[in-house]
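Protein chains: 2
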Amino acid sequence: MNIKLQTLKGFRDFLPNEARKRQYVINTLKQVFESYGFEPLETPALEYEEILLGKYGDEGDKLMYRFEDNGKRKVALRYDQTVPLARVVAQYQNQLPMPFKRYQIQNVWRAENTQKGRYREFLQCDIDTVGTKSLYADAEIIACALNSMKKLGFKNLQMKINDRDVFVGVETKYMTIIDKLPKIGKEAVVKELSRYMSQEDALKILNDLLNQAKTSKITEIFSFLKSLGFKEGVDFVFDQTIVRGLDYYTGIIFELIVPEYGEDISVGGGGRYDNLIGIFAGKQIPAVGFAFGFDRLMEAMEENKLFPANLQTTKVLVSVFSPELMEKSLNCSLLLRNNGVPTELYLDENAKLEKQLKYADQKGIPYAIIIGPDEAKNNTVTVKNLKTKTQQTIAKEKLLNMIK
Amino acid sequence: MNIKLQTLKGFRDFLPNEARKRQYVINTLKQVFESYGFEPLETPALEYEEILLGKYGDEGDKLMYRFEDNGKRKVALRYDQTVPLARVVAQYQNQLPMPFKRYQIQNVWRAENTQKGRYREFLQCDIDTVGTKSLYADAEIIACALNSMKKLGFKNLQMKINDRDVFVGVETKYMTIIDKLPKIGKEAVVKELSRYMSQEDALKILNDLLNQAKTSKITEIFSFLKSLGFKEGVDFVFDQTIVRGLDYYTGIIFELIVPEYGEDISVGGGGRYDNLIGIFAGKQIPAVGFAFGFDRLMEAMEENKLFPANLQTTKVLVSVFSPELMEKSLNCSLLLRNNGVPTELYLDENAKLEKQLKYADQKGIPYAIIIGPDEAKNNTVTVKNLKTKTQQTIAKEKLLNMIK
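Top line first, the protein sequences correspond to chains C and F. Per the numbering used here: the first sequence = residues 1 to 404. Per the numbering used here: the second sequence = residues 1001 to 1404.
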């Protein structure tokens, strides 16, 4: 067959080692999300186009995967998890207890420019609290995001928090420039602003912003965060230059950074958006949320060496000495598995022992068991530690204790 | 906005209660799959159309979601997990240790006729062992499927096993009729066969088939299954009428039924298929696998009442008596959560207590905590058991012990 073996640009396979790392992060996030009472929600990959179209600006409509299905329906692939949440909240409003606190961990699809290191299929991990204006909800979302990162092992991390009231009176085009501050530095920001005004005025705008005092909302949320055990200046900080999508957010906004990974790279962000969730319901429904950038989070995990040394769940490979001795190996694998030890039986009774041990080693399985004619006769097993390359022959009834 | 609030036909939202049930089944399956050494694999939702096209027969090509993306590439949504597995095995053949035992739990999309109770987006849960012809691999797949069901709580279940050698000499069109035996019964099968032959010949064909002796492969696999602790006639049985897709399978085939759920409804099936995985690699790569029909499995779980009574992970709702006492409630939620108790703090400090308790009850949260002025003064908390409708006021330091 003359077919090129490839995935589409921006789409990825995850082989076992990578898939296990992803599962580890997802499971950890779920556990923390659930410890705060967030509940799981799933929505379909495909929606009627009209549900999604026009909700993400012109760029969103352009990057959306849209097509006509076999029944001539105009459909689109999930572009984010917030618009589907808005649909769900409107569609099931009589059966969803409010506030509705949900987490959602599903793939989204965007036809992004892959040259910028972006993917076209990527996982979003969102938590949102819908139906309350309480600032406690904002504080809780921030706390849950910070604790998720701590649970993953990050020691050094910071939530930069701002209030969009800080920008009142500043033109959006200036904010877009000021947003680049952590990336390009103060001098470059002033230079870019000077295209629209004198350098003096540019400096003044920037300094005025940087000198803005905390708003009353910020003060209140900071007090809640302190009650929750977080330290100002360490875990969270007031940062007047955090912008995010101004047209979308209506209150507190925040961005999470891991200093070792990069001051200018956010691994997640969010804020309060009181006018979006209600678009389908036809009334205002307040909401606040946070989304992890899963791929950046994975990269930051790698850079900070936070993955456990061996995520391979299989503890033992039971090798097969010969077809005649397969039955012995089969029984041994059964004994281990029935006692809760994840065990793989090597499935080719004619393979050389050396090949089988190499297989276990390649897969990161820590122990291999060998049952040859001597072991079979004496009712013993040989246990090989593939890391230390040592082995010992023990009575079969001692095996469970040793492995456990 | 004049948009109809709906999902596409055959596509579903899963609200928290349903999503939790799905997660429960998925997590249980993963745990059993991993206990046998199966490893996770993920492939993209979209593939180049040429990878998938022509692999599922005419019907497959017709039901596949296909479209042109923004870059004029012809793409298709994942239709099953076996063809992507074949691509992966070919594409990464130098880095995948063989045998490759993988599990894959992802959605697939098929534009099925929804009137038949079929969905267009549904989850597949597959285990496959690639790269060995050993009959132990077949036995292991069957054992793993049976043990997955037992772990989910099914007591009564049966794997019907056949060997496609049994059909040698029987025309495919007759097999298609015989396949309906459990659904329509012997009489109706003979009647349908009589369209092509005399009633006498029809009866003979059917009886000949039903009287076929076990093949040597069946005998061998049955002996392995007995070694693995399963009982013939109970856990597994030889059934000469099991057909499945004849053109796809090359050896042992099997189908899993839950008698209480329906003799004629399979909750999963599989078999050996030695000619498919190699299509991209250009050589024969033997394989054997099993796929759970996730939706049928969920239905069978419901019918057999196998879901744990309460999958709600949140153990406690800390209510808020008044804005002034929010701080007390916040601290209490922190104490519980820091000690490993999944805890929700009610996020509207102005809501009536009654509303808050109703919210907890609706969500299936077992305990609610009330901290009013008296409790605050005496350093106590009132714990309400929402199931028994009883409550008691205890010293705050006794709370953890009581909840745990």
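Everything labelled a hint here was simulated from the structure, so no lab data went into it. Hints are supplied without guarantee of correctness; some may be wrong.
Dumping the calculated DSS-like pairs for lysine-lysine here, alpha-carbon to alpha-carbon at most 27 Å [stated by the list, open to error]:
no., chain 1, residue 1, chain 2, residue 2
1, C, 30, F, 1055
2, C, 160, C, 186
3, C, 74, F, 1072
4, C, 315, F, 1396
5, C, 9, F, 1072
6, F, 1396, C, 226
7, F, 1315, C, 151
8, F, 1133, C, 355
9, F, 1173, C, 62
10, C, 377, F, 1305
11, C, 21, F, 1030
12, F, 1283, F, 1315
13, C, 217, F, 1352
14, C, 4, F, 1074
15, C, 363, F, 1133
16, F, 1133, F, 1283
17, C, 30, C, 151
18, C, 315, F, 1151
19, F, 1387, F, 1363
20, F, 1055, F, 1173
21, C, 377, C, 389
22, F, 1062, C, 4
23, C, 116, F, 1072
24, C, 358, F, 1030
25, F, 1404, F, 1384
26, F, 1204, C, 72
27, C, 30, F, 1151
28, C, 217, C, 204
29, C, 377, C, 363
30, C, 62, F, 1204
31, C, 283, F, 1358
32, F, 1030, F, 1160
33, F, 1305, F, 1231
34, F, 1072, C, 21
From the derived model, a few chain C residues whose C-beta atoms are all more than 12 Å from chain F [to be verified]:
no., residue
35, 4
36, 56
37, 170
Quick caveat, the model's predicted, so the values are computed rather than measured. Backbone N, C-alpha and C define an ideal beta-carbon position, used for all residues, glycine too.
Verification of the hints:
1. About 37 Å separates the Cα atoms of residue 30 of chain C and residue 1055 of chain F, which puts this hinted pair outside 27 Å; it is violated.
2. Between residue 160 of chain C and residue 186 of chain C, the direct Cα distance comes to roughly 18 Å. Compliance with the 27 Å bound is thereby established for this hinted pair.
3. With a C-alpha separation of about 18 Å, the suggested pairing of residue 74 of chain C with residue 1072 of chain F holds against the 27 Å cut-off.
4. Restraint check for residue 315 of chain C and residue 1396 of chain F: the C-alpha separation of about 43 Å exceeds 27 Å, so the hint is violated.
5. Distance check on the hinted pair: residue 9 of chain C and residue 1072 of chain F sit about 13 Å apart at the alpha-carbon level, within 27 Å; holds.
6. In summary, the hint linking residue 1396 of chain F to residue 226 of chain C is supported, as the alpha carbons are separated by about 21 Å, within the 27 Å threshold.
7. Annotation: proposed proximity of residue 1315 of chain F to residue 151 of chain C holds, straight-line Cα distance about 20 Å (limit 27 Å).
8. The suggested pairing of residue 1133 of chain F with residue 355 of chain C holds, with an alpha-carbon distance near 17 Å, which does not exceed 27 Å.
9. Of the supplied pair hints, the one linking residue 1173 of chain F and residue 62 of chain C is violated, its CA atoms being roughly 49 Å apart against a limit of 27 Å.
10. Between residue 377 of chain C and residue 1305 of chain F, the direct Cα distance comes to roughly 48 Å. Violation of the 27 Å bound is thereby established for this hinted pair.
11. With a CA separation close to 15 Å, the supplied pair residue 21 of chain C and residue 1030 of chain F stays within the 27 Å bound.
12. Note on residue 1283 of chain F and residue 1315 of chain F: the hinted pairing is violated, with a Cα-Cα distance of about 55 Å set against a maximum of 27 Å.
13. As the CA atoms of residue 217 of chain C and residue 1352 of chain F are separated by approximately 24 Å, the hinted pair is consistent with the 27 Å bound.
14. With a C-alpha separation of about 14 Å, the suggested pair residue 4 of chain C and residue 1074 of chain F falls inside the 27 Å cut-off, and the hint holds.
15. Restraint check for residue 363 of chain C and residue 1133 of chain F: satisfied, since their Cα atoms lie roughly 21 Å apart, inside the 27 Å limit.
16. For the given pair, residue 1133 of chain F sits about 14 Å from residue 1283 of chain F by alpha-carbon distance, which is consistent with the 27 Å threshold.
17. A threshold of 27 Å between alpha carbons decides the hint, and for residue 30 of chain C with residue 151 of chain C the separation of about 11 Å falls inside it, so the pair holds.
18. Of the supplied pair hints, the one linking residue 315 of chain C and residue 1151 of chain F holds, its CA atoms being roughly 20 Å apart against a limit of 27 Å.
19. A C-alpha spacing of about 12 Å is found between residue 1387 of chain F and residue 1363 of chain F, which places the hinted pair at or below 27 Å, so the restraint holds.
20. A hinted pair counts as satisfied when its Cα atoms are at most 27 Å apart, and residue 1055 of chain F with residue 1173 of chain F qualifies at roughly 21 Å.
21. Straight-line distance between C-alpha atoms of residue 377 of chain C and residue 389 of chain C comes to about 25 Å, which keeps the hinted pair within the 27 Å bound.
22. For the given pair, residue 1062 of chain F sits about 23 Å from residue 4 of chain C by alpha-carbon distance, which is consistent with the 27 Å threshold.
23. At roughly 20 Å between alpha-carbon atoms, residue 116 of chain C and residue 1072 of chain F fall within 27 Å of each other, so this suggested pair holds.
24. Among the hinted pairs, residue 358 of chain C with residue 1030 of chain F is consistent with the structure: their alpha-carbon atoms are about 25 Å apart, no more than 27 Å.
25. For the given pair, residue 1404 of chain F sits about 14 Å from residue 1384 of chain F by alpha-carbon distance, which is consistent with the 27 Å threshold.
26. Under the criterion of a C-alpha separation no larger than 27 Å, the hint pairing residue 1204 of chain F with residue 72 of chain C is inconsistent with the structure, at around 49 Å.
27. Restraint check: the Cα-Cα separation between residue 30 of chain C and residue 1151 of chain F comes to about 23 Å, which is no more than 27 Å; the hinted pair holds.
28. Taking the CA atoms of residue 217 of chain C and residue 204 of chain C, the gap is near 25 Å; set against the 27 Å cutoff, the hint holds.
29. Only pairs whose Cα atoms come within 27 Å are accepted, and residue 377 of chain C paired with residue 363 of chain C is rejected, the gap being roughly 30 Å.
30. Simply put, residue 62 of chain C and residue 1204 of chain F have alpha-carbon atoms about 64 Å apart, too far for the 27 Å limit, and the pair is violated.
31. Of the pairs offered as hints, the one joining residue 283 of chain C and residue 1358 of chain F holds, with about 24 Å between alpha carbons and a cut-off of 27 Å not exceeded.
32. Our distance criterion of 27 Å between C-alpha atoms is met by residue 1030 of chain F and residue 1160 of chain F, whose separation comes to about 23 Å.
33. Note on residue 1305 of chain F and residue 1231 of chain F: the hinted pairing holds, with a Cα-Cα distance of about 25 Å set against a maximum of 27 Å.
34. Between the alpha carbons of residue 1072 of chain F and residue 21 of chain C the distance comes to roughly 34 Å, so the proposed pair goes past 27 Å and is violated.
35. The non-interface label for residue 4 of chain C is inconsistent with chain F: the shortest C-beta to C-beta separation is roughly 8 Å, within 12 Å.
36. The claim that residue 56 of chain C is not at the interface with chain F holds, since no C-beta of that chain comes within 12 Å of its own (minimum 15 Å).
37. Here residue 170 of chain C stays apart from chain F, with its beta-carbon at least about 30 Å from theirs, past the 12 Å limit.
In the structure shown, a violation is registered for the earlier hints numbered 1, 4, 9, 10, 12, 26, 29, 30, 34, 35, in ascending order.
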